[in-house]
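Asker: Read top to bottom, the protein sequences are chains A and B.
Residues in the first sequence are numbered consecutively from 1, following this note's numbering.
Residues in the second sequence are numbered consecutively from 1001, following this note's numbering.
None of these hints come from the bench; they were simulated from the model.
Do not rely on the hints blindly, as some may be mistaken.
Okay, derived cross-link-like pairs now, SDA-like style, lysine to any residue, Cα gap no bigger than 20 Å in a straight line [as the list claims (entries may be wrong)]:
{"id": "1", "chain 1": "B", "residue 1": "1215", "chain 2": "A", "residue 2": "283"}
{"id": "2", "chain 1": "A", "residue 1": "155", "chain 2": "A", "residue 2": "62"}
{"id": "3", "chain 1": "B", "residue 1": "1213", "chain 2": "A", "residue 2": "243"}
Protein chains: 2
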Amino acid sequence: MDDLLERLRAGLPAEALISDPDVMVSYGRDMASFCDAGLPAVVALPRTVEQVQHVMRTATALRVPVVPQGARTGLSGAANASEGCIVLSLIKMDRILEISQVDRIAVVEPGVINAVLSRAVHEHGLHYPPDPSSWETCTIGGNIGTASGGLCCVKYGVTAEYVLGLDVVLADGRLLTTGRRTAKGVAGYDLTRLFVGSEGSLGIIVKAVLALKPKPPTQLVLAAEFNSTSAACDAVCAIMERGHTPSMLELMDGTTVRAVNAMANMGLPETTEALLLAAFDTPEPAADLAAVGELCRAAGATEVVPADTAAESELLLQARRISLNALETIKTATMIDDVCVPRSQLGAMLDGTAAIAQKYGLTIGVCAHAGDGNTHPVVCFDHADPDESRRARESFDEIMALGLALGGTITGEHGVGVLKKEWLARELGPVGVELQQGIKRTFDPLNILNPGKVF
Amino acid sequence: MDDLLERLRAGLPAEALISDPDVMVSYGRDMASFCDAGLPAVVALPRTVEQVQHVMRTATALRVPVVPQGARTGLSGAANASEGCIVLSLIKMDRILEISQVDRIAVVEPGVINAVLSRAVHEHGLHYPPDPSSWETCTIGGNIGTASGGLCCVKYGVTAEYVLGLDVVLADGRLLTTGRRTAKGVAGYDLTRLFVGSEGSLGIIVKAVLALKPKPPTQLVLAAEFNSTSAACDAVCAIMERGHTPSMLELMDGTTVRAVNAMANMGLPETTEALLLAAFDTPEPAADLAAVGELCRAAGATEVVPADTAAESELLLQARRISLNALETIKTATMIDDVCVPRSQLGAMLDGTAAIAQKYGLTIGVCAHAGDGNTHPVVCFDHADPDESRRARESFDEIMALGLALGGTITGEHGVGVLKKEWLARELGPVGVELQQGIKRTFDPLNILNPGKVF
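Full structure from sequences and hints, please.
Answerer: Structural data, given as structure tokens:
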């Protein structure tokens, strides 16, 4: 360990290395509070590609595991330190290197905060759509590593669709440039996409070329209340079936609505069983909202309220964004699931989740990126109560089993990390796991990159 | 070889196997006429997944190379038979298995023709955007294998963005299911994307889950004439810089325009040096065309003619679609390049291509997916003239070198095949090639899947 520090110091300035255990503990984990984490041997905060290469060469020479980190806002433990590892935090590499209006790209370092990039490109009339709820604090490198989603995906897709090219420091310290800065390109296998969502297990992303869109008009939001989640899901299906492309289509169940009101006094309808938020950023959003409002009424909405102004819309968005935090106040702890099903199965997924909550005697609030079929059932429990904790874990698993049975996936956007490792194997099957492990070995033969994560 | 046929017959009906050399020769090659091809030992035309598995198990047992084929409309020799191989043609597996309006997906076998799928989903109010020029004959399996593009990409992106999940028969005959039928999903590495553009070198695609879009309004096209390609490229940059999203933005140079007129008497402007075609499929395309027309005039357009009707628009589209064929009539042979550059470099790319044509004393007509920066310089030459053939090959290479120097890629949408193998290594660099070869070994340790292609 002294050898490790000494070697790292040969290529990094003193301020880029932290070895004080009291400080290091704050780099121990992401936001998946129930996943194991160890104490790192050292935290490295490089500012240059060469420094990252030095860290990886050192790690390879000494066979020390490396855990890459962004802002640690992840929800699956992928960024949790393992005992004795090097935590490689990329947050100091936070420069926006280029924004091009004609090419509609941005070139960034991995530590750039999502919201910082979003605002910077807005000034050039451009738009970087991926908007995870943590967008004010999470980093682009973390977004790429976890293939994060957000509220915009129903219209604009996920992070993966915006990553054109990457510079990656490999396990042995070599630098790989992959992908392109062109709109199209098919030269060889798509290594770029392989890194997206790889949770730091294949290499360290040190630069990214991102695709941008023209900045759309400000979106206008409509809120529709329903007496049941299944009526709300019927509305979701009708909206998509009729060919609408909302810029957002979110669902909050009654538990979530009441939790948000309790926390932030947002004045949401206290007695509703499901609140659907639909938004359009088209040239004439009011007309689109009117059409969607009709479909909601036809599906049984008890109240349909289109926001008149951007400010009202922003308030509804804010209510949705704080949903997970609000649900966390119900009990002392939560487990946040992330099951995505074909949207035609959304109603069955929500009904099934309610049945699981009842079976285990637990409160499970659900908010969902409904237009994508991506649900976040939040299991609320008292972590000091062993029996309730056990029931929480069992219900959490049963929700994933339900998702798979409905033709879905165990993770729509939060990733695998350590939280869902066993479930990944269930989803992929033995052939898939074998090939994925083969890819891992190709990139990281010594298994020093975030070992124990994903697989 | 007798053993090969005998073993294949054990798992495939007689009509699914062709071993008559006179018939087999027609399965020898795709449309890249200058790439080498051998005579297969046998052509297999399976109708079921089990039959494909039987072919691959047999190939593995006997160590016989397998060359998968769709409609052989490819332009890089990726589907060319190698001597003594099994040609595995997927054209008989041509069923559309499912179309879902709510989930906006189609599930298809690989032999479905692109146009057949496009028309089928239109009947459900849906749209499958990828539209290579060969869309009336090419197959979805071939589109996925080559990651094909088309005219729609500037707005709708490439084939890769529409492939959600795949069933793949591996080299050893095992079946892999990868990806999903949900809108989102991040469970493990993105193997699905790895198969897209892998040119049959990693596995045999036997089923695909494709994402669909709502059917857009019929597009309206505008034609703008310019005195120089660089003025037309200025217009392209201005259109993209101002935040427009045309559904098509195509460029034909003067040589191409005159070749199209000569072949099909289309009445295009005979003296123009560059014809730009811009289209919008927005709710009010006329307004968008007017704005874009203004930008064209500001960039120096000598004439701006918006089509008044869908029929006029279709005629202009048709002119663009037959461009490659028209250029083939200029001399006895052509080499079609496929360099994609950042669109800000499009003008430099076209000027540089003209200089290369002059240097080598050749006619090089260019049509381009201008909005994507994706150029197709077509080198016209007499293949009976050895010196002209040599100059053609040298200019073809020099065009790729120019593309790389301008920050581009050697292939925007046609792929590597055998045509651009050496150039792939130049673009990827040694580290990239090493990792790509590692992936190849993981999927195909015996190197029986389309050996000699890509790498």
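Asker: Hints first: check each against the structure and report whether it holds.
Answerer: Here is what the structure says about each hint:
Of the supplied pair hints, the one linking residue 1215 of chain B and residue 283 of chain A holds, its CA atoms being roughly 18 Å apart against a limit of 20 Å. For the hint linking residue 155 of chain A to residue 62 of chain A, the alpha-carbon distance of about 46 Å lies beyond 20 Å, and the restraint is violated. The straight-line distance between the Cα atoms of residue 1213 of chain B and residue 243 of chain A is roughly 8 Å, inside the 20 Å bound, and the hint therefore holds.
Violated hint: 2 only; the structure is consistent with all others.
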